[in-house]
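S.K.: Construct the complete structure from the given sequences, taking the supplied hints into account.
Protein chains: 2
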Amino acid sequence: MGQKSIKVTAPATVSNCGPGFDIMGFAINTPVEEMIVRLTNKPGIRISKIVGDKNKLPLDVKKNTATVALHHMLARVESKFGVELEIKKKMISGSGLGSSAASAVAAPFALNELLGKPFTKKELMEFALLGEEVASGSIHADNVAPCLLGGFVLIRGYNPLDIIPLAAPKDMFCTILHPQFEIKTSEARKLIRKNFYLHDVITQTGNVAGLVTGLLKNNYELIKRSLHDLIAEPARATLIPGFYEIKEAALSHGSIGCSISGSGPAIFALSKSQEEGIAIGRAMKKVSSKYTKENIVHVSPINRVGPRIIG
Amino acid sequence: MGQKSIKVTAPATVSNCGPGFDIMGFAINTPVEEMIVRLTNKPGIRISKIVGDKNKLPLDVKKNTATVALHHMLARVESKFGVELEIKKKMISGSGLGSSAASAVAAPFALNELLGKPFTKKELMEFALLGEEVASGSIHADNVAPCLLGGFVLIRGYNPLDIIPLAAPKDMFCTILHPQFEIKTSEARKLIRKNFYLHDVITQTGNVAGLVTGLLKNNYELIKRSLHDLIAEPARATLIPGFYEIKEAALSHGSIGCSISGSGPAIFALSKSQEEGIAIGRAMKKVSSKYTKENIVHVSPINRVGPRIIG
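Chains as they are written, first to last, in my numbering: chain A, 704 to 1014; chain B, 704 to 1014.
Don't read these hints as lab results, they were simulated from the structure. Keep in mind it's a predicted model, so treat the numbers as computed, not measured. Glycine included, C-beta positions come from ideal geometry on N, C-alpha and C. Honestly, I wouldn't trust all of these hints.
Just so you have them, the derived chain B footprint on chain A, three or more residues with Cβ under 8 angstroms [claimed, not checked]:
id, region
1, 711-720
2, 898-912
3, 919-931
4, 936-943
M.R.: Put into structure tokens, the structure is as follows:
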């Protein structure tokens, strides 16, 4: 056994991305999940501590996405060692930023590095998805896949799982406004209609096709015209005080598209530069502060690499 | 007034393209519509003859898509001349190959050439769409746009009309099987469900995003995995005897995707070479002949230029 411990980060992710409900996501540089993974002589998987989670996350290794992912990974390794985790949450669960996916990705990524990379990214994806499953109750790849791969990712289908990395325009920035309250994904999911009119399906398919084309062709104007969602946003906007006013503030300050990140309450707004991203964040926060006491803003480029080793 | 007459072709088009119901289409080199447009001293628009239409198409200039398109075009020209058309249909109406759109495109394209190109392609699009409207009762661009522009085209939205040309893989061929009977677009439209489950919407958006990505990235395997339609094909397949058996024959002979062209009965099958396209056509025809007496097969590359001047 070589190196005994490693410190990694895994990026926050924005799923749905407007019209890509359940099929698209992208990774950003901040916030991140930080995790230390240690090899130990005592077999088994343990979480030694979790900080920054306001005591919300399970230390129980059968319930935490990080340890469940590791459990599936270790089942494929001839191991006499044990693994111990320290998790530093910089994004809390129920934020809409893929917090549980970041845990599910960070742990197997870190252990794979410690073991000398016996597993491919595809195998790590499998472990991370099985980890994420304990949080969401079913296999969802729209946070896990961009978290592990970086960039924008399309989940073409689930049967079988078909993950397609997409390019992202070079200068793209993402502003996150995170009003400090929690939305349970399961509750947010219940709000979504079960039936859609043909007319809405045509509009949604047109917009998702336009968004993908805009991303692949570096066409910001097309991205802007395409970033509309008829599925999740109209339902979930009701959970976020001042949502449409916040969105309007982002768009009127130059954002090329703004919608709810995952199931919220975080809101993402894309832009063409860091300056614009900062101005957009300021404008969003100003409006949101009228409705929600605490609001955190992150401005960062698209993360293009997935998790990183930081120590 | 310079040249007094011109002979042009406008390409057949495949709309829907699988998952792109109402939002995608592409043009092919055969079959084509052939049209002679003449300037005359006598003001007004006339159709001198239509051949190949089995006497189905209206000579009435208020009902034919070609002359309605010209009517809107001439309203924008200071003209003392008249225009006379001869139309040679090589694809009949009710084929699913965009026959009425080809007429609506060919006429303004030809007149624009005769007049020294006073109008842009965008303006020609407007005239063609107004022409096509008399055939379908509403503005539909998924045949007109690829017919005029060539290649694959995305209609991102209709409000306002947002037409996005897409790349097409270089070596792509399209086989058309055209069983010789007619399907009325209006009848075929009535068969389509008015409501769709969320689950189906997710599948359809994933596939349309995958198809666009495959086209833009030259990824035949991705195109193949994405070319599935839950909206039109299941409803309209009932109108085409042996449809699923014909599709299976195409796929088992190497097609990278097969579905109904427009509202049928023509069926398109994409492939990676002319040889494959020919073999696919032979296989499709063999099966279809069990159910429908007459079947015509066309194998051609993707048309990348739109209408052409041929004399």
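S.K.: For each hint, tell me whether it holds in the structure or not.
M.R.: Consistency of the hints with the structure:
Remark: the region 711-720 of chain A is not confirmed as covered by chain B, as 0 of its residues place a Cβ nearer than 8 angstroms to a Cβ of that chain, below the required three. With 13 residues bearing a CB less than 8 angstroms from a CB of chain B, the region 898-912 of chain A meets the requirement of three and the coverage assertion stands. For the region 919-931 of chain A, the stated coverage by chain B is satisfied: 5 residues place a CB nearer than 8 angstroms to a CB of that chain, which reaches the threshold of 3. Only residues whose beta carbon comes within less than 8 angstroms of a beta carbon in chain B count, and the region 936-943 of chain A has 0; fewer than three means the coverage is violated.
Taken one by one, the earlier hints fail for this structure at numbers 1, 4, listed in ascending order.
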